[in-house]
Amino acid sequence: MSETHIDKKLWLISQNELSAWLDGIAEARTLVAPRQVSKSILYRPVANSKEIAWQSQFPKAAPPIRPTLSIKEIYFPSTERLFTINKNGQEIVLKETFPDWETVVFGVRPCDARGVKILDALFLDTNPIDVFYSRRRSNTTLIGMACQSLRPSCFCTSVGGAPDDARDVDIMLSEVDGGYLVRAVTEKGRFLIPGGEWEETGDHFPSPKFNAEFTLAKKGKLIEHYNDPYWLNISERCLSCRACAYVCPTCRCFIVRDEMIKSNEFERIRCWDSCSGKNYRRLAGGHRPRAEKNERMRNRIFCKFYYYPEQYGLGLSSACTGCGRCIEVCHAGVDITEVLLDLEKMG
Amino acid sequence: MSENLMLPYLAKIVEVRDLATEIKLLRIELMNGGSEAFRNFQPGQFAFLSAFGLGEAPFGIANDSGRGSAIDFAIARLGNVTTGLHELGEGDTLGVRGPLGNWFPMKKFKGKNLIVLGGGIGGAPLRPVIQYVLDHRSDFQHLTILWAARHPSLLVFTDEYDEWRSAPDTDLYLTVDNPDDKWNHDVGLITQLLEKISPSPANTITITCGPPIMIHFVTKMLQEKMGFAPKNNYVTLEARMHCGLGKCGRCNLGEKLICVDGPVFNMEEVGGLLETFL
Amino acid sequence: MFEPRIVAFLCSWCSYTGADTAGIARLKSPANIRAVRVPCSGRVSPELVMRTFDQGADGVLILGCHVGECHYDTGNHRAAKRIPILQKLLSFAGLEPERLRLDWVSASEGERFSKIAEEFTGVVRSLGPVHWRIKPDETITRIKPVQISPDSIPYPKIDASVKTEAIRQKARELLENNQVSCVIGYETNRRGRTRPVFIHSTDDVPRLVWNADCSNNLTGYLPGMLRPVRGKEPEKPVAVVVKPCDSKAINVMVAENLYRREQVFSIGVACEGMQDENNGLQVRCITCQEAVPIVCDALISGTTSSFIPRLSSDSREGISTINTLSPARRFEFWLEQFDRCIRCYACRQACPMCNCPVCLYEQDNSTFVGAGIGLNEKRTFHLGRAYHLAGRCVGCDECERACPMGIPISLLNQLIAAEIETTFDFRAGLAVTPSPIVTVLSGEYKEG
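Residue numbers (my numbering), protein chains in the order written: chain A, 18 to 364; chain B, 4 to 281; chain C, 3 to 450.
Extracted from the complex, chain A is given alone in its bound form (with noise of 0.2 Å):
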């Protein structure tokens, strides 16, 4: 794993100290973790440490925890005010609503702080800059949480991430016996460790278990087979539902409306909408490209490990993280993996 932390200090603190820390933090900010929310569990505020789900809570042999919904939530909404629109006959005023908060958010899993890096790349490192985007990223702070081990459906290793990934996150966890190695990766997540009482040490994060890497077809492999009949296959069983999208760290799709609040005031507001959902692309005419299944379905991993990518200059990397999310989210078992595996062992 790269050497990103800024200093080579580590610090080996309790459960307790842990605890104390983020009470504290919950008490000045806006504290966000994951957290039980009924039969999920999703990335809420939480009023202090107890609130939060800990992987201690469930047992031993559970995988670790991931919430249903990634962090994404939390810079891009799934449903943002760009500005209202008073009417008074042809007197029509804008306001703009910007969001204004600060955050921390803990327990972010290395695959969530990279869907966020890709995301920076489309919202704040291509221009126009979104202004609702940088910013809720601006004043965002993110303690990450090291995987120890996998849950099955997740596939990191095979896109260039790692369990232990700490590129995208200011402050970086690890859980071992007896509590936690914690280190700071960026000067803001510096910035929020207390240091003081908590004890140093000269151990390394120990590394996770990892699975077995997939060889995944890369952008090459997808162009030469955009026309197979394979898509016709491979889509039969989707039911163009978008859960997959939603829960996504990186699908970014969004479609803008106008909605009323009262007789003469409106707001435009964006929210969350997916390629896969089969009026997409319908026009008011009754034009609807991307009528069929399989062509959703090959635009939407095609957009995810070569349009993106391509568009927002992320070289060779893919915009998915390897979460696994959607894998378990569909409801009719399609599994990206395994398209790209296919993919890739085809002649």
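Be a bit skeptical, because a hint or two may be false.
[To be verified] 20 Å max Cα-Cα, derived PhoX-like pairs, lysine-lysine: (1) LYS235/A to LYS362/A; (2) LYS228/B to LYS199/B; (3) LYS67/A to LYS146/C; (4) LYS234/B to LYS110/B; (5) LYS56/A to LYS146/C; (6) LYS115/B to LYS27/B; (7) LYS223/B to LYS199/B; (8) LYS67/A to LYS56/A; (9) LYS137/C to LYS279/A; (10) LYS205/A to LYS25/A; (11) LYS112/A to LYS15/B; (12) LYS205/A to LYS26/A; (13) LYS104/A to LYS15/B; (14) LYS15/B to LYS27/B.
[Said to hold, decoys possible] Here are the simulated distance ranges between beta carbons: (15) VAL110/A to THR326/C: 43 to 51 Å; (16) GLY92/B to ARG229/C: 41 to 49 Å; (17) GLY303/A to ASP162/B: 28 to 36 Å.
[As the list claims (entries may be wrong)] Not everything, but these chain B residues come out facing chain C in the computed CB check (under 10 Å): (18) LEU57; (19) GLY58; (20) GLY82; (21) ASN83; (22) VAL84.
It should be emphasised that the hints constitute simulated quantities derived from the structure, not laboratory data.
Keep in mind it's a predicted model, so treat the numbers as computed, not measured.
Glycine is no exception: its CB is placed at the ideal position from the N, C-alpha and C atoms.
Given the coordinates of chain A, assemble chains B and C onto it according to the supplied hints.
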């Protein structure tokens, strides 16, 4: 603080007139900051028009900025936003975002013959090209305009045909699929008209806009039957759009985004794309 | 003093004129009533009523012609059938049923109009301001978790190999004889996940399996595969492996003309039930009433006989539990559930019965629900969708299993199904009959 390009400029409608059945021309003047942004828009660019309370949609700009500060849009009434725009009258306010997209490289076309093919309301984004050429007539060689529609009542900018016809070294051909009693020009598809004219590819650029199927068959004929090189056939494409800024991802045509890499493409680029625009 | 805002939908032919008559006779009617004139009370669709509550109405009054006097013959029949079901659904979601009233007023009954208007306004006034629409900065109270699923019944060991072999045999036979173009069945993928598979050739037949995880309702794929292409029906039928619950969906789809019965070859499996993620019997299987598929061209029965404890279909634990809560608690319960919803529409896409080319709740003009992914919109979508399944839902629970957020949406469907069964003695999918909500009354309504 970065400028929020999702916020429209306000504009006033200075003229509304019927262009064809269910197609209106809206001429607008931008208020406040907008006029600066639109000072030098290029032929081929587009803008989002907001019918506040209903939504916004992209429309090709239908005139050349050299002719004044007002901006023309041809709107076909097809859905909620366009119905809302059709209900606006002179003096009413709407929102405009833009100018967006790339444009026709008119400087590259200097000294060449131009063939402009417009199908139905597809003619609207081509009108800036025609106006530019007419206003810089000596910069260009022969101008051929093929204008088509399904029916004479669907032809756009009929009151300008005389101006176009009477320009030097300019030919205008009209054709409709279904004529009416008063029709005395060609009858048939634009491809049949094109075949009749049989233009030479030498030093010639073509620009086509219309329904996807029309663009497909016109460029196919130009390339396969008449020997035009794909890179000399320009088209302007459309797709459903929501941001126009390359963020929302909706308008991709394979690896390109129609809102930022287009809407103007040449057929060599389009032919190299994975996805077809059909 | 709280003055309720009441929207009254009045039909052009009777009640609106009745209101006029009241006015001409100078009878006093409360000023709280805002009248909306509709051609017929039957036009007042549930989504219109929900939209009205969503926009802040404290009460909704629907007045139509007396049954038997409708200008359109049977328009008011629809109102008579639909509104009571809607009341039950809204009540289940925490809106007091007294806030919605359906009644009949003829053109000459000015006094009756006045009386009803006065009465209804009084009832709504005493209920107080409605708490239905959630304001943007309102937070929802977290209530104590309620048990909405019955106690788990362990899934017994079954020998699925006999059925697997029988299904493969049938599929091979159908494909070899060119009887069908495709067999939709189940396979197990490389991850051990059982999922739908589409077998187009006999080479792929060995992929077919039968096991305790054959949970998906495969009939959902039929409308897409059987639709006419350029005016022509597909040449050959499609075979589909169905469980008893799934097979009922075929009857509903045929009744709604999505395809013809002859276009489907049903490979019906006598099912012991399906297992859930905790190795227990799935909830819908505990209350399953059919052991053998209703729509069945070839029956695949196993050697084990059915063992499922047969509870009656309306003994779904969740419904009774929620009904014991107060309206305010019910309201909070459902908001807490819908808070998680991301409006991905997986529930709708997974449902075999949801087939509208453009969903009412996804239309660009958002007449009935806003486009945003906010609480009000999500609740209206789910309640509305559940309503649209009245008399059509076969209880396969695909919606709930498809939901990535684990929201117990099938409870809404079950509630409505139970109401339909009580009111009309009807269960969806047992025969090729449309939902009773779309047909006219046949003697079962007595004004009173």
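Hints, one by one, checked against the model:
Between the alpha carbons of LYS235/A and LYS362/A the distance comes to roughly 11 Å, so the proposed pair stays at or under 20 Å and holds. For the hint linking LYS228/B to LYS199/B, the alpha-carbon distance of about 12 Å falls within 20 Å, and the restraint holds. For the hint linking LYS67/A to LYS146/C, the alpha-carbon distance of about 17 Å falls within 20 Å, and the restraint holds. At most 20 Å may separate the alpha-carbon atoms for a hinted pair to count; LYS234/B and LYS110/B meet this at roughly 15 Å.
Of the pairs offered as hints, the one joining LYS56/A and LYS146/C holds, with about 14 Å between alpha carbons and a cut-off of 20 Å not exceeded. Taking the CA atoms of LYS115/B and LYS27/B, the gap is near 33 Å; set against the 20 Å cutoff, the hint is violated. Between LYS223/B and LYS199/B, the direct Cα distance comes to roughly 15 Å. Compliance with the 20 Å bound is thereby established for this hinted pair. For a cut-off of 20 Å, the pair hint linking LYS67/A to LYS56/A stands: about 18 Å separates their Cα positions.
A threshold of 20 Å between alpha carbons decides the hint, and for LYS137/C with LYS279/A the separation of about 13 Å falls inside it, so the pair holds. Taking the CA atoms of LYS205/A and LYS25/A, the gap is near 16 Å; set against the 20 Å cutoff, the hint holds. Of the supplied pair hints, the one linking LYS112/A and LYS15/B holds, its CA atoms being roughly 19 Å apart against a limit of 20 Å. A threshold of 20 Å between alpha carbons decides the hint, and for LYS205/A with LYS26/A the separation of about 15 Å falls inside it, so the pair holds.
For the hint pairing LYS104/A with LYS15/B, the CA-to-CA distance comes to about 14 Å; that is within 20 Å, so the pair holds. For a cut-off of 20 Å, the pair hint linking LYS15/B to LYS27/B stands: about 16 Å separates their Cα positions. Checked against the hint of 43 to 51 Å, the pair VAL110/A and THR326/C passes, with Cβ atoms roughly 50 Å apart. Between GLY92/B and ARG229/C the Cβ separation comes to about 43 Å, which falls inside the hinted range of 41 to 49 Å.
The hinted window of 28 to 36 Å between GLY303/A and ASP162/B holds, with their beta carbons roughly 29 Å apart. Hint status for LEU57/B relative to chain C: holds, with the closest Cβ pair at about 8 Å, below 10 Å. Of the supplied interface hints, the one on GLY58/B holds, with its beta-carbon coming within about 7 Å of a beta-carbon of chain C, less than 10 Å. Below 10 Å, beta-carbon pairs count as interface contacts, and GLY82/B has one with chain C at about 7 Å; its hint therefore holds.
Hint status for ASN83/B relative to chain C: holds, with the closest Cβ pair at about 5 Å, below 10 Å. Using the Cβ-Cβ criterion of 10 Å, the hint placing VAL84/B at the interface with chain C is satisfied: the shortest such distance is roughly 8 Å.
Hint check: a violation occurs at hint 6 only; the rest are consistent with the structure.
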